[in-house]
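Participant: Here are the chains, one letter per residue:
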Amino acid sequence: MSQPMTYADRPWLDPEAEPFIKVQSVSKHFGDFTAVDSVDLDIYKGELFCLLGGSGCGKSTLLRMLAGFETPSSGSIVIDGANMNHVPPYERPVNMMFQSYALFPHMTVESNVAYGLKRDGIAKAEIDRQVEEMLTMVELTQFRKRKPHQLSGGQRQRVALARSLIKQPKVLLLDEPLAALDKRLREQTQFELMNIQDKVGVTFVVVTHDQEEAMTLSTRIAVMDAGRFMQIGTPTEIYEFPTSRLVANFIGNANMFEGRITENGQDHVIVQSKQPECRIYIDHGLSIQEGTRVWVALRPEKIRISKQAPDNDGFNMIKGMVDDIGYLGGTSTYRIKIDGDRIVEITSPNQARPKDGNPPIDWDEEVYLSWDASSSVVLTK
Amino acid sequence: MSAPAEAMAPALRHRLSLLLQRNWRSLVLFVPFFWLLLFFLAPFFIVLKISFAGSVIASPPFTSMIEWVDEGVMHIRVVTDNYAYLWEDDLYVKTYLNSLKISSISTILCLLIGYPMAYAIVRSSHTTKHILLMLIILPFWTSFLLRVYAWMGLLADQGTINGLLISLGIIDEPLRMLYTEFAVYVGIVYTYVPFMILPLYANMEKLDWALLEAAADLGARPMTTFFTVTLPMTLPGVLAGSLLVFIPATGEYVIPDLLGGGNVLMIGRVLYNEFNANIDWPVASAVAIALLLLLVLPMMLYQHIQGKETENA
Numbered sequence: 172m173s174q175p176m177t178y179a180d181r182p183w184l185d186p187e188a189e190p191f192i193k194v195q196s197v198s199k200h201f202g203d204f205t206a207v208d209s210v211d212l213d214i215y216k217g218e219l220f221c222l223l224g225g226s227g228c229g230k231s232t233l234l235r236m237l238a239g240f241e242t243p244s245s246g247s248i249v250i251d252g253a254n255m256n257h258v259p260p261y262e263r264p265v266n267m268m269f270q271s272y273a274l275f276p277h278m279t280v281e282s283n284v285a286y287g288l289k290r291d292g293i294a295k296a297e298i299d300r301q302v303e304e305m306l307t308m309v310e311l312t313q314f315r316k317r318k319p320h321q322l323s324g325g326q327r328q329r330v331a332l333a334r335s336l337i338k339q340p341k342v343l344l345l346d347e348p349l350a351a352l353d354k355r356l357r358e359q360t361q362f363e364l365m366n367i368q369d370k371v372g373v374t375f376v377v378v379t380h381d382q383e384e385a386m387t388l389s390t391r392i393a394v395m396d397a398g399r400f401m402q403i404g405t406p407t408e409i410y411e412f413p414t415s416r417l418v419a420n421f422i423g424n425a426n427m428f429e430g431r432i433t434e435n436g437q438d439h440v441i442v443q444s445k446q447p448e449c450r451i452y453i454d455h456g457l458s459i460q461e462g463t464r465v466w467v468a469l470r471p472e473k474i475r476i477s478k479q480a481p482d483n484d485g486f487n488m489i490k491g492m493v494d495d496i497g498y499l500g501g502t503s504t505y506r507i508k509i510d511g512d513r514i515v516e517i518t519s520p521n522q523a524r525p526k527d528g529n530p531p532i533d534w535d536e537e538v539y540l541s542w543d544a545s546s547s548v549v550l551t552k
Numbered sequence: 146m147s148a149p150a151e152a153m154a155p156a157l158r159h160r161l162s163l164l165l166q167r168n169w170r171s172l173v174l175f176v177p178f179f180w181l182l183l184f185f186l187a188p189f190f191i192v193l194k195i196s197f198a199g200s201v202i203a204s205p206p207f208t209s210m211i212e213w214v215d216e217g218v219m220h221i222r223v224v225t226d227n228y229a230y231l232w233e234d235d236l237y238v239k240t241y242l243n244s245l246k247i248s249s250i251s252t253i254l255c256l257l258i259g260y261p262m263a264y265a266i267v268r269s270s271h272t273t274k275h276i277l278l279m280l281i282i283l284p285f286w287t288s289f290l291l292r293v294y295a296w297m298g299l300l301a302d303q304g305t306i307n308g309l310l311i312s313l314g315i316i317d318e319p320l321r322m323l324y325t326e327f328a329v330y331v332g333i334v335y336t337y338v339p340f341m342i343l344p345l346y347a348n349m350e351k352l353d354w355a356l357l358e359a360a361a362d363l364g365a366r367p368m369t370t371f372f373t374v375t376l377p378m379t380l381p382g383v384l385a386g387s388l389l390v391f392i393p394a395t396g397e398y399v400i401p402d403l404l405g406g407g408n409v410l411m412i413g414r415v416l417y418n419e420f421n422a423n424i425d426w427p428v429a430s431a432v433a434i435a436l437l438l439l440l441v442l443p444m445m446l447y448q449h450i451q452g453k454e455t456e457n458a
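Residue numbers (our numbering), protein chains in the order written: chain V, 172 to 552; chain X, 146 to 458.
The set of hints was computed from the structure by calculation and includes no laboratory data.
The structure presented is a predicted model; accordingly, all values stated were derived computationally and were not measured.
Heads up, a few of these hints could be off.
[To be verified] Calculated pairs, DSS-like style, for lysine-lysine (alpha carbon to alpha carbon, straight line, at most 25 Å):
id : chain 1 : residue 1 : chain 2 : residue 2
1  : V       : K341      : V       : K316
2  : V       : K341      : V       : K370
3  : X       : K274      : X       : K351
4  : X       : K351      : V       : K318
5  : X       : K453      : V       : K316
6  : V       : K478      : V       : K490
7  : V       : K216      : V       : K370
8  : V       : K318      : X       : K453
9  : X       : K351      : X       : K453
Based on the sequences and whatever the hints tell you, model everything.
Facilitator: Here it is as structure tokens:
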């Protein structure tokens, strides 16, 4: 290691760092239903942490427990060193931006933003100054006298953000912050949100079901399913090194080849896949016994497609037929039929221009698929 | 039948159906309007006319407004004495004021009882909610009169409540409850509380509970949340319920008559006395018209709020 490692951007790697939010074996039951099932989670100061999962996975319940709207059935939540279990929402150092924004419809933009400060009994002049500052930051100064129903979706979202940030919370909780916006606005707002987080330095905890949103926004992601964390890691870790088929399929697309380990060497592993019939060479060793049933996940963009057979010594290649082509401009998605019924998906950049109107690879053509020894991920669950 | 007439028939039928199609909306509206015209406005104008007549011992017991003298000369006689009489005799002014006092206090009591009930119903689970709503409506299944008589039995000197209190040794002498203002309040609040709960329920059902969480999240204690968010948001329901209680309670006759006896003066009883005991139809009509005027203002206010609410939704 030539240069000293710094933890400034990756506090979770620092063994000395004290987590800002500590969720310790927290469960939440609603009657017979277990929404959150004994989870542990450490979030560090300044992180933009995403809880990602499908509906009913428990991500919102966990967020609501952080806000204080739900009490954990067991376990404890500690924020900045203080146990929050019996602290009501109005005494917690956190604020929340609601999915529906929950703006007070009978109040103006100004009064909505000032609401939190008024509750603290701050002098009017000081409130006015801070409201002004906040409205300037979210570029809503000219809308201060409007009621929420007179604003567009994007403007409402910014009012909600201003209202939840004005009390300078230690943690800002965001429940599907971009779900109600249309696609263009959503992309724009993603970056605005990141800029604002950078500026105010508040720890953000975001709940979302949108994996793209989670990937762009967060420092780390926790993928949730059935009340448990499937994996916690940086966007790259989760995308490139998923630890389960569920995570691999939930974040992006993955082709899954089922097989058995036939050779487990020091620096390589060979997996024999049945369907499609192929031998997969992986360039690192694994602590898995030979003969174990495994799944090899391959991202669509990690597979090369060619008309000539690649020189791979019979490893990491399959022959198939083009079943479908989705032309997306910059890239194309190919669906390749293998052994008659198995479909493998590939995305490939469109580097070459079509000649004489014919694409380089056409429907019903026979093609070879190949990938590098470092491209695949072996999963046991 | 001539040939051209037969040829006309389909064309006519076609035109008629076109007319119907174009005007079916107005036709649909016409029926209820006609109903109101016939059974509300017409009687109203008759009462209005009688209120400007003089009283005579005859049948009907009032003078006619239009009289024909000699050779087709028409006399129109308008008597305003009845209204002047209402103003001069302080019995009427007192009764009006007492009616307004009783209905105002009853409205506030209904609100104090109904608001938490409506809130609790809205906040309960789906099945409980339906059972509770059912219980609110249940009393309407029995006759209103019967229920008031039941209260007489409960409140009387030898009634259930006094009997129970005496047998428990809490009191020695029966408490005088029946034929007091207290009994009238009990009767009115009991009868009208569903009219408060139902519009409040309808309003609270639409309330976005995330707003209350947002208020708590921003540091508002439960009381502050109630006064800054819940109450302003449910104000249309409060006003609708209050008017639905206040307006009929002001003109209430049965409850003050049966539970208040002769001790509680309310305008409904005075009205009844003028018609039936005194057989003074013109004064009775004037009392009725004055009552109507007294209530038109809150009714218009109610309409205005309703209109505003639909506009916002």
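Participant: Could you run down the list of hints and mark each one as holding or not?
Facilitator: Now for the hints, and whether the structure bears them out:
With a CA separation close to 29 Å, the supplied pair K341/V and K316/V exceeds the 25 Å bound. At most 25 Å may separate the alpha-carbon atoms for a hinted pair to count; K341/V and K370/V meet this at roughly 14 Å. This hinted pair checks out: K274/X and K351/X have alpha carbons roughly 15 Å apart, not beyond 25 Å. The suggested pairing of K351/X with K318/V holds, with an alpha-carbon distance near 19 Å, which does not exceed 25 Å.
Taking the CA atoms of K453/X and K316/V, the gap is near 20 Å; set against the 25 Å cutoff, the hint holds. At roughly 10 Å between alpha-carbon atoms, K478/V and K490/V fall within 25 Å of each other, so this suggested pair holds. Between K216/V and K370/V, the direct Cα distance comes to roughly 14 Å. Compliance with the 25 Å bound is thereby established for this hinted pair. Between K318/V and K453/X the alpha-carbon distance is near 16 Å, which keeps this suggested pair within the 25 Å criterion.
For the hint pairing K351/X with K453/X, the CA-to-CA distance comes to about 16 Å; that is within 25 Å, so the pair holds.
Violated hints amount to a single one, hint 1; each of the other numbered hints is respected by the structure.
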